[in-house]
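Sequence lines, in order, name chains A and B.
In this text, residue positions in the first sequence follow the numbering used here: the first is 10, and each later residue adds one.
In this text, residue positions in the second sequence follow the numbering used here: the first is 10, and each later residue adds one.
Since the hints were made in silico from the structure, they are not lab data.
Errors might be hidden in some of the hints.
Since copy identity is lost for identical chains, a pair holds within one copy or between any two.
Unchecked claim - Heads up, simulated DSBU-like pairs for lysine-lysine below, C-alpha to C-alpha not over 30 Å straight-line:
{"id": "1", "residue 1": "K366", "residue 2": "K348"}
{"id": "2", "residue 1": "K68", "residue 2": "K301"}
{"id": "3", "residue 1": "K19", "residue 2": "K366"}
{"id": "4", "residue 1": "K89", "residue 2": "K265"}
{"id": "5", "residue 1": "K24", "residue 2": "K363"}
{"id": "6", "residue 1": "K14", "residue 2": "K266"}
{"id": "7", "residue 1": "K302", "residue 2": "K96"}
{"id": "8", "residue 1": "K173", "residue 2": "K265"}
Remember, it's a predicted structure, so these values are computed and weren't measured experimentally.
Protein chains: 2
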Amino acid sequence: MTWFKNTLTKSLNIKYPIIQAPMASAASIELAAAVSNAGGLGSLGLSYYKFEDILSDYKSLLRKTNHSINLNFFTHKNPKKNDIQAKKYMNEMQKYFSEYNIPIIPNLINTTEPFNSEHLELLLKMNPKVVSFHFGLPNSNYIKSIKQQKILIISTATTVKEAKILEDSGVDAIIAQGFEAGGHRGTFASSYNEGEIGLFSLLPQIVDATSVPIIAAGGITNGRGIAAALMLGAKGVQLGTAFLSCPEATVHPLWKKALSESSEKETRITKAFTGRPARGIVNRLLNDMENKKDIIPDFPTVGSVVKPLAHAAAKQGKNDFLSLWAGQSAPMNRNVTSKKLVELLIKETSSILKLYKNT
Amino acid sequence: MTWFKNTLTKSLNIKYPIIQAPMASAASIELAAAVSNAGGLGSLGLSYYKFEDILSDYKSLLRKTNHSINLNFFTHKNPKKNDIQAKKYMNEMQKYFSEYNIPIIPNLINTTEPFNSEHLELLLKMNPKVVSFHFGLPNSNYIKSIKQQKILIISTATTVKEAKILEDSGVDAIIAQGFEAGGHRGTFASSYNEGEIGLFSLLPQIVDATSVPIIAAGGITNGRGIAAALMLGAKGVQLGTAFLSCPEATVHPLWKKALSESSEKETRITKAFTGRPARGIVNRLLNDMENKKDIIPDFPTVGSVVKPLAHAAAKQGKNDFLSLWAGQSAPMNRNVTSKKLVELLIKETSSILKLYKNT
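The task is simple: from the sequences and hints, build the whole structure.
Shown next, in the form of structure tokens:
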């Protein structure tokens with residue numbers, strides 16, 4: 010028996026237990042298709058999509074692969090209105106708009122709907138092999154409908170408590186997201202502080218506390234990481250940052266450049282870009298907002314204010330306001346196609362495991 | 010060849026590549042002797058010792074084991090005087106002293122000397138197999154003398170940059186201390202933020218950047234963790250928290266109780282107890298000081314103010330001011346003797362590696 014055949018690969022109907030993280034802001038049909046065609050599970054993050062574009066892109070994806078696909082949605086709570094906080098925040102941001110001569114300061118707008126009844130209807134129509142949710146789960150009636158249609162459900166836990174909640178809600182697999190992970194923390198039922206647990210500690214504790222297959226995420230970027238995750242009890246791995254350096258990821262050139270220079274840079278968890286904690290490479294806005302967490306409005310409204318600045322600065326070649334999402338293993342990224350990356354991951358993992366076969 | 014024989018075990022002259030972390034505040038002769046006798050490397054943290062007690066305790070230790078021993082010293086910089094900060098801090102702490110009716114508020118005192126010429130002289134006289142330093146290295150002349158006498162030198166890195174500095178300074182092995190680790194962060198040449206890297210990311214990057222044996226630390230508490238560390242390139246592991254639940258560790262009963270209830274508790278990195286960042290189980294003082302980092306004076310002076318409070322509260326059965334050092338894997342601790350723990354670790358690691366031998 011080979012290490013890459015197990016209950017998870019069987020249920021997901023994939024060859025290798027390697028999941029490409031949906032990464033809403035860097036997802037592309039090409040990336041998802043390439044990973045699925047290479048034997049992993051390609052994912053498409055749909056939360057930043059216009060609703061009317063979802064179906065056509067999904068259909069395009071189906072033309073590129075006939076393997077299992079994961080569609081991903083955010084399940085955050087809608088933002089609360091807080092006028093005092095909003096005013097403080099807009100005052101703080103004013104200086105950047107002046108600097109870039111952006112005359113009309115945008116308002117805080119809810120640009121990203123959490124998974125709702127329309128999404129549900131569409132999901133059931135698209136009928137992918139897998140759906141994954143970030144920031145918890147939608148309501149139990151939705152879960153029931155999805156399960157009735159035999160679409161597999163995956164969601165992310167950052168604490169043992171969250172993993173137990175997900176298992177009790179009927180998910181088919183749980184992603185244990187370590188502190189190392191790039192992008193948004195999946196934390197939904199613990200405090201953000203409580204959810205900052207390194208994968209070495211989080212993974213085995215979630216494995217022990219639940220009985221569904223656990224997928225390790227955070228800091229895994231090569232075969233060594235996969236082999237280590239297996240030792241700690243994972244049945245599969247989810248890699249995000251590792252795929253960001255692949256040509257198929259839709260990553261701004263300044264983001265890609267930052268990734269390639271990441272060995273000289275620090276990553277940090279910040280609310281500065283969206284209102285929810287997410288790990289990215291330290292840049293100007295991240296630094297500036299470090300001690301101003303309290304005035305940052307709720308997810309996802311912050312994005313509507315930061316994006317015009319990101320565009321304006323990027324035009325001048327500056328990454329100052331770009332969300333440079335990256336995990337702590339970004340310095341180990343390789344610039345290869347996603348197909349090649351999946352092949353490397355399998356080969357490397359097998360080689361490392363073989364080193365110990367005579368133990 | 011078995012997994013536990015390698016360059017590190019050879020140079021340290023130990024059977025198993027398992028190092029018991031020195032843990033100055035919980036070190037005991039009994040613990041160090043038991044671990045060394047069980048085939049690992051027992052360590053004695055000497056930084057909180059009165060200088061005149063070091064030699065006699067070391068002699069006692071030698072009567073209990075004739076295996077390799079590691080002596081550990083802190084190499085922090087002496088605290089800077091900052092009257093304004095000190096005043097703010099003492100004002101903040103006043104309320105606790107009133108609450109416990111402690112009439113004379115203690116001063117900020119430097120209770121812990123960094124490794125100095127007297128320590129060096131004594132170390133060369135004691136001539137242990139290994140010396141380890143926390144918070145960097147002593148000056149290069151000291152290193153030279155130690156190396157001339159063939160005492161092996163180990164120190165801790167929390168970033169790749171620090172690991173390179175240590176290697177360039179001539180250490181014989183480097184401890185890669187992940188974000189998960191309990192107790193004091195070893196960070197000495199990077200910012201504390203930069204040094205908060207999960208072991209999954211830190212370990213392989215340090216292995217790649219250096220050529221000395223790397224010892225993994227942080228979140229390792231059982232065979233699964235050891236096997237995972239091996240996959241990521243470690244030649245050995247250092248466990249601290251796992252040994253705190255052993256009867257040989259000198260741990261306050263309230264600390265031991267907190268460890269046994271740690272699955273319900275969060276750990277967090279704080280300066281509240283000593284002035285340097287260290288991970289412990291969240292309690293009253295840790296919580297209270299969360300947003301008051303700026304007024305906390307330099308290591309180690311804070312300890313002289315906190316300790317009387319810790320004693321007074323502990324007398325009433327409260328752990329409010331105790332430094333409850335613990336890593337993020339504390340919930341997986343086992344209440345076994347340290348001899349039994351070493352045996353379990355070896356057995357478990359072998360079993361897990363065997364699972365994959367037919368891959």
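Need the list of violated hint numbers for this structure, in ascending order. When the structure is compared with the hints, numbers 2, 4, 6 turn out to be violated.
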